[in-house]
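Following the hints, position chain B with the ligands against chain A.
Protein chains in written order, with the working numbering: chain A, 1 to 330; chain B, 1 to 330.
If you are wondering where the hints come from, they were derived from the structure by calculation, not from laboratory data. Keep in mind that this is a model prediction, so the values were computed, not measured. We put the CB at the ideal spot given by N, CA and C, even for glycine. Some hints could be false.
With the C-beta cut set under 8 angstroms, the calculated list includes, among others, these residues of chain A facing chain B [stated by the list, open to error]:
#	residue
1	Leu78
2	Ile82
3	Leu106
4	Ser112
5	Pro290
6	Thr294
7	Val296
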Amino acid sequence: MSALVIETSGLRKEYTSRRGGRRVAVQGLDLAVPAGGVHGFLGPNGSGKTTTIRMLLGLSRATAGSMRLFGEEVPQRLPSVIGRVGAVVESPKFSPHLTGRQNLLLLARSISAPDARVDAAVETVGLTGRDADRYRSYSLGMKQRLAIAATLLKDPDLLILDEPTNGLDPAGIREVRDTVRDLGAAGVTVLLSSHILAEVQQVCTSATIIGNGRLLASGTVDDLLAGAAAHRVVTPDPVLAARVLRAAGLAVTGPAEDPGDHPGDHRAGHPADHPGSEPDHALTVETDDPARVTRVLAEAGVWLSELTPVRQDLESYFLALTADDTLGGR
Amino acid sequence: MGALLKVELTRLRWRRAVVLLLAAAVLVPAVVVGATAWGTRPLSEADLASAESDFGGRFLRQEVRSCGRTPEFYGLEDVAAAELPEACRLAVVSSYAGRSPLDLSDSLESGAMLVVAAVLVLLLVLLGTTFVGHDWNTGSMSNQLLFEARRGRVWAAKALAVGAVGLLVALLVSLACWLALLAIASSRDLSAADGMLLDGVEQCLRTGLVAAGAAFGGYALTMLLRSTVATLGVVFALTVLGGTLIGVLGGQETQRWQPQLNVMAAVTNEVTYYDDSGLEPACLTGMARPRLDCDATQRIGAVQGGSYVGVVLLALGAVSVVSFRRRDVP
Ligand SMILES: Nc1ncnc2c1ncn2[C@@H]1O[C@H](COP(=O)(O)OP(=O)(O)OP(=O)(O)O)[C@@H](O)[C@H]1O
Ligand SMILES: [Mg+2]
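Pulled out of the complex, with its shape left as it was, chain A reads as follows (with noise of 0.2 angstroms):
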C-alpha cells in the first residue's frame, strides 16, 4: 500500500468530436494526494478538473496512463475502493419527481446502508424539513447539498468534490467549509476543487494546479507560496535600480520596464505588480532574501526608501501560473 490516496501517472484523455477532430483534455498528469488533509485541485476553466476527476471514478475512460486509489489500480479495482469515496462531480444528477429523501434511499440501499444513515445526512447538510420536497422544486444550493449528503451516505475516506460551493449562499459555502475542514482533522483525505480561491486557501492544506490538462505546480500550499515570495522596492530612481538588481541575477519587474519585458514573460511573475497597479517608482523582485536586496542596491549606490514583503496569496499565485491557459489563450 502507498501512502498516496490518489495517484495518477501519465493520465490523458482524447475526446474525439463527431467531425473527427481530436481534443486532449488532459495530457501526461501525474497526480499525487497524500493520505489526509485538504488538498485542492486547481484550474482555469476547461483545464481537465472535471475530466480527471470522472476517469479516477470510472464514468470516464483514459486514453493512456495509471490511476491508483488507495493503492489500488483503477478503473480495474475500482468497485473495491469505490465504497470508500464520496464525490460530488459537477452539478448535481437526481431524479426530479423525486424527493430529495428519495433519491438518497434509492443510493442508500444500493449500497445496503440503513435508512437511517440518510436522516444523518440530510441532518449534517442542513435539508431537514424540506427531504420530502421533490427535487426538482429545491434551489441550486439546496441541489448542492443534497449532493454533498449523497456523499455522506458511505462514511467515506476520500471525498472529491468538484466545485461543492457551486450556488451556495454564503452561509453555505461557510457550512461547506466547515465540514471539509472537519473531514480533514478528522482523518478524511478531500479533494477539493473550487474557483473561489480564497476559500481554498483557508482550508486546504496542500494543493495542486493544473493548465490545460498539464501539471503547473503541486504541494503544500505553503510551498507553493514561498517559492513565490516577492518584495516590494521603492527607490528615488527606480530604473537605476531595476538595471543593477537586474545585473546581479534577480527578476524584477515594475513600471521602469525595459521595452520588451512584459509580464506574460515570467511564468511566476506577480500580477499585483502588473503596470499601473503600482506608484511609478515601486519594483517588485521575487526573492525571499531581503539582505541581498539591500547590499546589491547599496554597492551600486542606490538607496532604498522602503522595502517591503508582498503578501503572497493563492489567487494572485494561481493567476500567475495560469496566465497562458486561460480559455481565451488557446
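Relative to the frame of chain A, chain B with the ligands by itself:
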C-alpha cells in the same frame, strides 16, 4: 445483486410514468374485453325482428332455406335437424346484422386476445424505455455508478426488474382477460371446444414472455441509445419502415422476416400469410398445369417466431451491455 434488484423495483414503483403505463396495461385490455363482450352480445328477439325488417323478407328467407339444405356452409353441421331452422335463422340474420356470437378460438387467433397481446407489447416497450431513459435524461445514471461501479451488475439488475415486472403484468392481465372471455362464453351457454381453456392459458404464457421481451428490448435499446426519443424513433422505424423495406426489397420469401408476423406467431402459435413470390410463374399467369402447387399461403410457427424474437433480443442485449460497460457515462 439482491439489494440492487430491490432498488430498481423501488425505482420502478416510484416512477410516475411507469405507474401510468401499468395502469394503462390493465385498463386498455379491460376495455378490449368489454368491447368484445358488447360486440358479440346475443341477438334479442327485437334485434332479430328489426334486422329482418331492415334487410327485407324475401332474400333473407331464401338464404335461410339454403342454409337448411347445406348447413355445413354456415358452420352448423353438428346441429340436430329439429333445431336447424331456428339455428339457420339466427346465423343468417346475425350475419346480416353484423354481429356474430363470441368465438373463443377466433379471439385467440385474431380477436380480443391478440389485440390484448399487442397492447401489452406496445405499453411494455414504452415502460422499458421510459424507465431508464429518465436516468439518462437527468444524468442520474452517473450518480448510481458512483455507488455501484460494477456496470454489468447495474445493467443486469435493471434488466431483471423491467423483465420481471413486464412478465408478471402481461401474464396476469392476459390470464384475467382470457378467464373473463371464458366466463362470458359460459354465461351465454356457448360451448368451448375441447382443450380451448388450455390453449388460451398457453397463449397467455406466450403473451407474457413476448411482452416481457418487449419490455426488456425497450430497456436494452434505451441503454444503448441513451435517449427515450431516439429509442422510440428506432422502434417506430423498425416496425413501419423495416416492414416496408422488406416488402420493397422483394426477393423470395422475404415476408418470412417481417418482425410483426414473427411476433404474432410467437404469441398465437401460428400465423398464416399470403406470399406468392416463391410460386412458379405459371401459377400467376393462370395457366397452371394441373399438378402444380399454387398455394401461396405460408405459415410461421411458434418455434420460428419465438426464435426470431429471442435471437433479436439476445443480440440487442449483448450489444447493449457491452456498450454500457465500455462507454463514458455523462
Ligand atoms: N464529453 C466531452 N466531449 C468533448 N470534450 C469534452 C467533454 N468533456 C470535456 N471536454 C473538454 O475537455 C476539456 C476539459 O474539460 P473539463 O470539464 O475537465 O474542465 P474543468 O477543468 O472541469 O473546467 P471547469 O472549471 O470549467 O469546470 C475542455 O476543453 C472540454 O471542452
Ligand atoms: Mg469542471
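Hints, verified against the model:
1. Interface hint status for Leu78 (chain A): upheld, as the beta-carbon distance to the closest one in chain B is roughly 5 angstroms, under 8 angstroms.
2. Checking Ile82 (chain A) against chain B by beta carbon gives a least distance of about 4 angstroms; that is within 8 angstroms, so the hint holds.
3. At its closest, the beta carbon of Leu106 (chain A) sits 6 angstroms from a beta carbon of chain B; the interface hint therefore holds under the 8 angstroms criterion.
4. At a threshold of 8 angstroms, the smallest CB-CB gap from Ser112 (chain A) to chain B is about 5 angstroms, leaving the interface hint in force.
5. Interface restraint check for Pro290 (chain A): the shortest CB-CB distance to chain B comes to about 50 angstroms, outside 8 angstroms, so the restraint is violated.
6. Against a cut-off of 8 angstroms between C-beta atoms, the interface hint on Thr294 (chain A) is violated, since the closest Cβ of chain B lies about 56 angstroms away.
7. The closest approach between the C-beta of Val296 (chain A) and any C-beta of chain B is roughly 56 angstroms, which is over the 8 angstroms cut-off, so the hint fails.
Against the hints set out earlier in the document, violations occur for numbers 5, 6 and 7.
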